[in-house]
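Chains as they are written, first to last, in the working numbering: chain A, 1 to 163; chain B, 1 to 97.
Just so you know, the hints here were simulated from the structure itself, not pulled from any lab data. For each residue, glycine too, the CB sits at the ideal point set by N, CA and C. Keep in mind that the hints are not guaranteed to be accurate.
[To be verified] Listed next, the in silico DSS-like pairs over lysine-lysine satisfying Cα-Cα at most 30 Å (straight line):
(1) Lys132(A) / Lys72(A)
(2) Lys43(A) / Lys23(B)
(3) Lys72(A) / Lys86(B)
[What the hints assert, rightly or not] If you anchor each label on the Cβ, the simulated ranges turn out as follows:
(4) Pro53(B) / Glu32(A): 37 to 43 Å
(5) Ile33(B) / Glu49(A): 25 to 31 Å
(6) Phe97(A) / Lys23(B): 28 to 34 Å
(7) Arg29(B) / His64(A): 22 to 28 Å
What follows is each chain in one-letter form.
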Amino acid sequence: MAVDFAQAVADNQSLVFSFALRFLRNREGAEELAQDVFLQLFKNLRQIETPAHATWWLRRAICHRCIDESRKRKLRPEVHLDAVPEPSTGASESDPFLNERLRALIGDLPENARTVVILRYQEDLDPTEISKLLDMPISTVKSHLHRSLTTLRSRLQKQEICR
Amino acid sequence: MNLEDDLRAALRREPAPPDFTAKVMRRTRVVSIWHRPVTLAIAAAIAAVAILPPAYEYRQHQRALEAKDQLIAALSITQTQLQHTKQKLLQNTRHRQ
Numbered sequence: 001m002a003v004d005f006a007q008a009v010a011d012n013q014s015l016v017f018s019f020a021l022r023f024l025r026n027r028e029g030a031e032e033l034a035q036d037v038f039l040q041l042f043k044n045l046r047q048i049e050t051p052a053h054a055t056w057w058l059r060r061a062i063c064h065r066c067i068d069e070s071r072k073r074k075l076r077p078e079v080h081l082d083a084v085p086e087p088s089t090g091a092s093e094s095d096p097f098l099n100e101r102l103r104a105l106i107g108d109l110p111e112n113a114r115t116v117v118i119l120r121y122q123e124d125l126d127p128t129e130i131s132k133l134l135d136m137p138i139s140t141v142k143s144h145l146h147r148s149l150t151t152l153r154s155r156l157q158k159q160e161i162c163r
Numbered sequence: 001m002n003l004e005d006d007l008r009a010a011l012r013r014e015p016a017p018p019d020f021t022a023k024v025m026r027r028t029r030v031v032s033i034w035h036r037p038v039t040l041a042i043a044a045a046i047a048a049v050a051i052l053p054p055a056y057e058y059r060q061h062q063r064a065l066e067a068k069d070q071l072i073a074a075l076s077i078t079q080t081q082l083q084h085t086k087q088k089l090l091q092n093t094r095h096r097q
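Turn these sequences into a full structure, and let the hints steer you where they fit.
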């Protein structure tokens, strides 16, 4: 066996859990889905050749599972109190309230666009990598990114005006 | 900051819950047990023990029902024949008188 399962869980749990959390906006649902994906990896461990392959496999699996789950349950984004991070105490310069608003707006994007945005800005993948991971034409990936940024920008501006 | 930087900050990875690894490993142990050949053999044996006797009993019950139907049919034919013979005997008796 080329990949140690426990090590794969340790290395990738933050990736898988965060993706599901940002996608579903539900901490319990995200944890359950992330566990399911690791279990799926465990059952397919013989096919996994390297730790990098495991990461790629997990990214792909969590994307598809989140899209399926969202469509199946018609899960509307829920903001649980524990999904909102504690405001940081100066360690980071980012605004926690802006972060939360952005996460809520991302949660309102259509499934495919949401997947592309999370892969781009959480996982820091470029459009070519996203295209390969999702079996999606690169033009579609770029289009999702462009339209999502436009939508997010305009919704943020609207919220600013309303405040 | 521009929007892309804000998105990176908002979507920064978050650590999984502290007991996440333990929960996953616990669930893999259950999967492992069900994938062992010995477990599968035991499960198959239990299934056979649970399924075969009721199936045998059902077959016996079906046979008994078939036999009962055949007996009723035979008795019905015999009754018809006896009535027919009785009518003939009565007719013969009347002719002689």
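Tested hints:
The suggested pairing of Lys132(A) with Lys72(A) holds, with an alpha-carbon distance near 25 Å, which does not exceed 30 Å. Restraint check for Lys43(A) and Lys23(B): satisfied, since their Cα atoms lie roughly 16 Å apart, inside the 30 Å limit. A C-alpha spacing of about 77 Å is found between Lys72(A) and Lys86(B), which places the hinted pair above 30 Å, so the restraint is violated. Separation of Pro53(B) from Glu32(A) is about 40 Å and conforms to the stated range, judged on CB atoms against 37 to 43 Å.
Between Ile33(B) and Glu49(A) the CB atoms are about 26 Å apart, so this pair conforms to the stated range of 25 to 31 Å. Separation of Phe97(A) from Lys23(B) is about 32 Å and conforms to the stated range, judged on CB atoms against 28 to 34 Å. The hinted range of 22 to 28 Å is satisfied by Arg29(B) and His64(A), whose Cβ atoms lie roughly 26 Å apart.
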